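**Q** Residue-level listing of the chains:
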Amino acid sequence: MTVLHSRWVTTTGHVAGIALLFVAAGMSLGAVIELFDGTEAPAMLVAAAVTAVAGAGLRYATRPGTIDRATVFTAVAGTWLVVSAVGSLPYLLAGTFSRSGVGPLIVLADALFESVSGYTATGSTVFGSHNLITDQGAGILMYRQFTQWIGGMGIVLLVVTVLPSLRASGLGLISAEAPGTGGDRLAPRMADTARHFWYLYAGLTALIAVALLAAGMTPYDAVAHAFTTASTGGFSTHDASIGYWDSVAVEMVVMIGLVLGALSFTLHGRALATRRLVHRKDAEFRGYIGVLTCATLLVTLMLATGGGMGPARALRMAAFNVITLGTSGGFGNATGPGSDGDFAAWAAGPQFLLLLLLVSGGCTGSTSGGVKIMRLIVGVSHARRTLRGIRRPRAVLPVRHGSGTISDSIVERIAGFMVVYGMLVVTGTVVVTALGTDLVTAISGVIGCLGNMGPVLNRAGPTASFVDGFSTPARTVLAVLMLVGRLELFPMLLMAVAPYRSVRRSLRHRSG
Amino acid sequence: MTRGTFTGLLASSTARRPWASWTAATAWGASAGLSAAAGLSIAAGLADLVGSGGDAALLVATGVVMGLLGVALFTRVGRPDRVRAADVLAATTFALATLVVLVAVLYLLTGATRRVDDALFEAASGVTTTAFSVIDPAGLGYGLLFLRAGSQWVGGFAALVLGIAVLPFCGFAQEFTDRSRFGGSRPLAPTQRVAIRNIALLYVPVSLTVWIAYALVGVGPFDGLLLAMSTVSTGGFTGAGGTFDDPAVQWVAIVAMLLAGTSLVVLWRLAVGRARGLLGSTDLQVYLGMHVVAVVLLLAWSGASGLAGVRRALFTVASSISTTGFALDSLDGWATATPVLLLPLMAPTDTSGSASGGFQILRHRALLKLALREMVRQLHPRAVVRIRMSGRITDEDTLRQIVVLQFLFVAVVFGTGFVVAALGLDLATAISAGVHATATAGPVRALDGTVIEVTSWSRPIRMALVPAMLFGRLSIYPAVLAVAGLATVIRNRVRLGRRLRAARHRGVE
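Chains A and B supply the protein sequences, listed in that same order.
If you read the first sequence in our numbering, its first letter stands for residue 83, the second for the next number, and so on.
If you read the second sequence in our numbering, its first letter stands for residue 86, the second for the next number, and so on.
Hints in this document: simulated from the structure, not taken from any laboratory.
None of the values given here were measured: they were computed from a predicted structure.
Where hints are given, some of them may not hold.
Computed, partial: chain A to chain B, Cβ under 7 Å [as the list claims (entries may be wrong)]:
{"#": "1", "residue": "A465"}
{"#": "2", "residue": "I472"}
{"#": "3", "residue": "R473"}
{"#": "4", "residue": "A477"}
For every residue, glycine included, the Cβ atom is placed at its ideal position computed from N, Cα and C.
Kindly generate the complete structure, drawing on both the sequences and the hints.
**A** Structure, rendered in structure tokens:
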């Protein structure tokens, strides 16, 4: 058996093939819109056709079998890599990032960055004053919004929903893609749970679209922003993002939509099934709302006392930006550089608080990124248990989460996650600064990309582009971190294990 | 006679009704702080006699009063039946806090500064070996200069005692200490008492050697003494400007900082002839390797070259890694990444059992192995994977403590950073200040490499850094336990809820 016939190759090819078919559907949607309002329809159609052919080829040329954990990681990480790479085709064919004085490698890097940022629902962008969003066609922009929607809930989750042959391995695949959702089933079968998640997600998106329409957006903008609100992605069809409308109603809808997207979809499902607000009994939900409320009040206080804003204006700016970063949304309500909503121009105090929110992220089982509130709660509980244990060495003290207790094995897993996360942040910051970025932009960029947040502080704020803040190599590092963060670190870090084993086996076989 | 007096005092203390563990430990901590301050004050008074002697009488008299108070407090304590480990750790916090307050009192009494906050900041910076300074040393007499450097020397000694003779005996990182008598070897810390003796046996001669080395390269005897005390304790206070202009002085400082950042276990093994296998120590290899890598990066990211460039880069790196805080002017063409490189260097890369602050190599190795184990468990969820450090299986409780320590370390850094940012510091400086204060690592550099004077920061910002310095110097846990213990005592004393209910009950009646 050659390496090409290994299980990791066939499984990755199979999952990636189906994922590409969905990507092609998104490109087709963009092409149709571009036919009516734009000039890039041929490029979009070619991209969609190439993607569909590649997807179908992979789908029918490969056949998945029973897979082990290493293969699961390779399949999931490989799928995300393939989707992100192929997803950049429309930008490349349409010449979206081509501009005078810029070489093809940089154009390729920019297209890949935008694609990765889209599919990982990060929201960081390389569009900016040098290359305006509003200069692009409606179809290509809708495709860009769609990338966040499809990536927000999870590409592999979507694949498991439609693919009966993967059902046996579905739990492993879904757990690898989003650890929070794997354990919380809404139905006995994993494929049904995945389907439930997608129904909820689609329903929430439709609800947000209707609300945005009612708040004053055009149907096109409402649908486009509903895609990126439910997915807590943050891409917009306007350069000023939500600041383009400068409307309290629009901001309110976006804030509510982002918070709903950042809450556990399992809780949403249970609430719908039982017709009760089961959220309030959940410790993570209470902790999350508490964090957002406290952060909003603190930032409001600091903006009102030192930021030169009135209390109402300060509350509006604080609430929107706290929620947009606390949910890993990444929208902006700044009407221009240095305006009230431009948090990169705020005083250092509120910015530091926003930096902490970049770390925390949303709830497990949601579309948001970051470390997740549940891990932080368990971390605090674990610290309290350890400190109490020093005072009472013989006491048997559990780690509590809400009314329940958490087993030591889960605490160890969370501790391991936090350690790896910390190491990635420190290493990433040193590497990005070595590539020519200042400390604040680098550290916030690394944390932001690892948490799939969107705009960050200082030179890559809500009114700036990542091109302004980071060099091309630094942006490439950040794109890798987005993928690592989207898959909650381990799948991407361990994706080489299965190929390595396979190659080693093959070599042994030959020498034997 | 002295022994007889102390035996009598001890006997009178044991004859009293036993105090509660928490109260006795607190009183002992305060007594230890008073005694240390008394010794420091008297020594500073005697040193002042070398110069004008203007403050000598005041310093000696204050020292005597503090000493008497310390002894009196010590004799008042009724020895409890059992002292809990948590209370011992809290007591070390109170000892250090008392020392800080008393050194601040000495600064105020001698007129080194007239402001309470400045005195407290300088004292905290000295005792915690941080080297943030708000007092201009050029205007100080010999006594105060000695007090300033001496507070660092005492702080460095206290850090060693805490790390080697207190924490491992209170259930922290026991695996990592040199306690085994296996094979007839002489360990550094077989018991607490012997550990303290051995620490003193190393600390004092090393300080004297560094003093002599400074004198040999042309530093004056008194200035050399001050510099030696600051170097060996990884403190970083210097006298007037231009101390390190001479390359020979820089080389002495480099060697001394390398020694100060090295684990005392290594120095002890060298001293007692157990050097075999020492170079195989992973900690030592990482420690030296980090110096090499950082120097290479520093040279690559700046325009410096030649032997002078290497020396200056090595000086900067050794100062950061040992958390000493001696600062040269920035190297030519200082790249943006350089101060960012120095930040993580000062947090993790000193060795355990040294006078340096920071998170220490050993703990980072443990965390790295923990991360690798987690990756293995991702692939094999049911695998039982043990972590080995120095050839021995590490206890899971120790690993948990290290993880929590990292969590608390990061929380203190970010908490301090947020407070100083809210008080007006810019974001980059706030992050740097948080790291420097918690790692007790001395002056903060701007992104262009220039040293930022702490006097340019507002008073609230400086005061906000004091708790971080104390937490960092105490390796976090003792300080957290002291704060938690104090909160419990206050809560139990005040009993606000019960009083409110009683008042409400009386109102109803």
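**Q** State the violated hints by number, sorted upward, taking the hints as numbered earlier in the document.
**A** Hint 4 contradicted; others consistent.
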